[in-house]
Amino acid sequence: MMIEGRTGKWEIVIGLEVHAQVISKSKLFSGAATDFGAAPNTQVSFVDAAFPGMLPVINKVCVEQAIKTGLGLGAEINTVSVFDRKNYFYPDLPAGYQISQYTRPIVGKGKLLIDLPDGASREIGITRLHLEQDAGKSMHDQNPSKTYVDLNRSGVALMEIVSEPDMRSPEEAGAYLRKLRSILRYLETCDGNMDEGSMRCDANVSVRKPGEKFGTRCEIKNVNSVRYVMQAIEIEARRQVELIENGGKVDQETRLFDPNKGETRPMRSKEHAHDYRYFPDPDLLPLVLDPKRVEAIKAALPELPDAKRERFVRDYKLSPYDAGVLVAEREQAEYFETVAKGRKDPKLAANWVIVELFGVLNKQNLDITKSPVSARNLAGLLDLMEDNTISGRIAKDVFQIMVETGKDAAAIVQEKGLRQVTDTGAIDAAIDKVIADNAAKVGEYRGGKPTLFGWFVGQVMKATQGKANPAMVNERLKAKLGG
Amino acid sequence: MSLDKATVARIATLARIKVADADLDRMAGELQNIMSWIEQLNELDTSGIEPMTSAVETLLPQREDQVTDGGYAEKIVANAAEPVRGVDGGFFTVPKVVE
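Chains S and G, in that order, give the protein sequences.
The letter at position 419 of the first sequence is residue 418 when you use numbering that gives the first Met the number 0, and the numbering goes up by one with no holes.
The letter at position 93 of the second sequence is residue 92 when you use numbering that gives the first Met the number 0, and the numbering goes up by one with no holes.
Warning: the hint list may mix true and false statements.
Stated by the list, open to error - Below, in silico cross-link-like pairs of lysine to aspartate or glutamate (EDC-like), each with a Cα-Cα straight-line distance of 20 Å or less: (1) Lys110/S / Asp165/S; (2) Lys95/G / Asp140/S; (3) Lys4/G / Asp274/S; (4) Lys208/S / Glu163/S; (5) Lys479/S / Glu443/S; (6) Lys248/S / Glu211/S; (7) Lys17/G / Asp274/S; (8) Lys136/S / Glu81/G; (9) Lys24/S / Asp68/G.
Stated by the list, open to error - Facing chain G, according to a computed beta carbon distance under 10 Å, are these residues of chain S, among others: (10) Thr41; (11) Val43; (12) Cys61; (13) Asn86; (14) Phe88; (15) Pro93; (16) Ala94; (17) Gln141; (18) Pro281; (19) Val287; (20) Pro290.
These are calculated hints, taken from the structure and not from any lab test.
Quick caveat: nothing in here was measured; it's all calculated off a predicted structure.
Heads up, the beta-carbon is just placed ideally off N, CA and C, and yes, glycines get one too.
Whenever a hint applies, use it, and build me the whole structure from the sequences.
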C-alpha cells in the first residue's frame, strides 16, 4: 500500500515489537503465581515487589518456552545469553529497573511467513527474541486523584519478539500479528490473548519515497488489538506524510494511539526515558544452555501452521485458502482432521467445517472447543451422506438439530424418519403424481421451456418430504418428462 | 572523560535525585575523581578476555516452575504510604499518572 501525497507516492515502513506473556505457572524470577484476574497484590512475592535484599532465581520452564518459540520461528538459539537491568522510573516498576536482555538475547535472527489475501506468502525477518519481566498494572479510573497499582503482573515472564522493518502496509502488519499469534498458540508458549493483554504490540512506523533510505520512525506503544494496530499504523503514516509535505520533520518519539479520536499523540512520560542506562544484572549469571537441551526441545516441536497447511493442500487436496483458514488455530485443524480422516471426499468435510460449522460458531460466538457438534458427530453425519442414507439437503436439517440438541446424526435420522428414499417404485410414484397434477406445466416444458425442470425436481422433493435421493429423482424425472 | 555540570544534572534527573544548582560543581568534581580512578583500569589490555561474571566457576541456578510464593498482599502493601485495602488484596496508590 502506498500513501498518495501532494508530492507523490509514499511507502510505509513498519517493524513490530510484540510482548508475549510466557505460559508458565510461576513468574520468571519468583515463585508467585501468574494467573490472570486474581485479587490485587495476592500473587506478589517480595522479589516481585522489590523488597530490599531479595534475589531473582530464574524459572527453568520460562527459559524452555523462549527456546521453543525461537525454534518455532526458525531462529538461532544463543547458548550464552545475559540479563541486563533496564533502568527507568514508573509506579508499576517497584525495583526502578526491569530485568531484560540487551546485548545478548537468548534468541537471534529468525523468520516468519505471512499469508497475503491473494494467496501468496512473504517472509518477514525476526531480529531477535529476548526474555524480560513484565511490569505491574496501573489503574487510573479508580479514584479522581490517585493511580492504583497492582503488582500481580510484575515479574511475569515476557518474550519480546522484534521484527525487521520488513512490512510495507497495515495489512502486512495485521497478517504478521495473526501468524505470530497462531505460532505461539501452536507452541503453547503464549495464549495470544490481546484482550487480556497477554500479547501486546508496539509498532515502529516511518515513511519514505520508494527507493529512498528509511525515514525517521515513531514508536506507537501498547496497541491492544490487531485492528487497532492496523488503524494506528495508517493514521501515523498519514500524519508523517502530511508533516513532511508541509515542510516539517518527524521527531523520533514514542506516541500513543487514541482509537476514539483516531489520532496518535506524543507520550509525555517517555520524553526523558530513552537513556535506560543498561548494565548486566549483578544478581544473575549468564544463562548458559546445553545444546542437548535445545536439541531435545527441537525434537519435540509440534507441526506448525505452515507445515500443516502444506500437508492439508497435499493430502486432502484443499485449496491453499481453505487450508489456511483451517490451520489458523490448532484446535480447528484437529477438528477438521478428525472429520476428514479416511474420507473419500475430504473437500466436502472442509466445506462442512468452514461453512456450516464455523457459521454456527460465529453466530453463537463460540470457540471450536465449545462446539455443540463434536468432530465425531459431524463425521457421523458425513458418513450418512456418503452412504446415501440421507441427501445433502436433509443433512443440513439434521445438522441444525445436532446444533440444538448435541445428539448424533444417526439417532436423529432414525427418530425423525429422515432416511433417504432410494426405492425406485416410491420415487416413480411421486413423479407420476406430480406429472399428472400439473399437465399445463408439463406441456410448457415439452413445448420448449427446459428451465422448468428444476421446478419439477422441487415438487417431487416436496412430495417426498425431501427424502428422495436427488440423483435418482433427476434421472427418473428426465426420462419420464422427456417422453 | 570529563564531567560537566549539565551531565551531572542529567544523571541526577535520570536517577530521580534532587541536586541543588549550588551543589552541581562540587558533585561534578567528586564524580570526576571517581571516574578517574575507574579509568585507570582502562590502562589494562583486556582484548580477547571474556568478562568475568563470577568469582567461582558456577552456572546460573534454575528453579522448577512451581508456585511457592505470594498470597500475602497485606505484607506487600504493609509499608505503602497510602494503601487501599480491600476484602482480599490491596492496592498501592500514587499521585495520578495521566497519559
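Checklist line | Hint check: 10 Å Cβ-Cβ cutoff, Cys61/S to chain G | finding: 7 Å, holds
Check: Straight-line Cα separation of Lys248/S and Glu211/S no greater than 20 Å?
Finding: Roughly 16 Å between the alpha carbons, so the hint for Lys248/S and Glu211/S holds.
Item checked: When the least beta-carbon distance from Val287/S to chain G is tested against 10 Å, hint result -> 6 Å, holds
Note to self: Given the hinted pair Lys208/S and Glu163/S, is their Cα-Cα distance within 20 Å?
What the structure shows: 19 Å, holds
Next item on the list: So, Pro281/S near chain G? Judge it on the closest CB pair being under 10 Å.
Entry: 9 Å, holds
Next item on the list: Answer holds if the nearest beta-carbon of chain G is closer than 10 Å to that of Pro290/S; otherwise answer violated.
Entry: 14 Å, violated
Next item on the list: Below or equal to 20 Å on CA atoms is what counts here, so check Lys479/S against Glu443/S.
Entry: At roughly 15 Å apart (the allowed maximum being 20 Å), Glu443/S and Lys479/S satisfy the hint.
Check: Does Asp274/S lie within 20 Å of Lys17/G when you go C-alpha to C-alpha?
Finding: 18 Å, holds
Check: Is the shortest C-beta separation between Thr41/S and chain G less than 10 Å?
Finding: 5 Å, holds
Check: Hey, Lys136/S versus Glu81/G, does the alpha-carbon distance stay inside 20 Å?
Finding: 17 Å, holds
Notebook entry, point to check: Straight-line Cα separation of Lys95/G and Asp140/S no greater than 20 Å?
Noted result: Holds, because 10 Å separates the two Cα atoms, which is no more than 20 Å.
Next item on the list: May I ask you to test the interface hint for Val43/S with respect to chain G, counting a Cβ-Cβ separation under 10 Å as satisfied?
Entry: 5 Å, holds
Going down the numbered hints, you'll see the structure goes against 16, 20, while the others check out.
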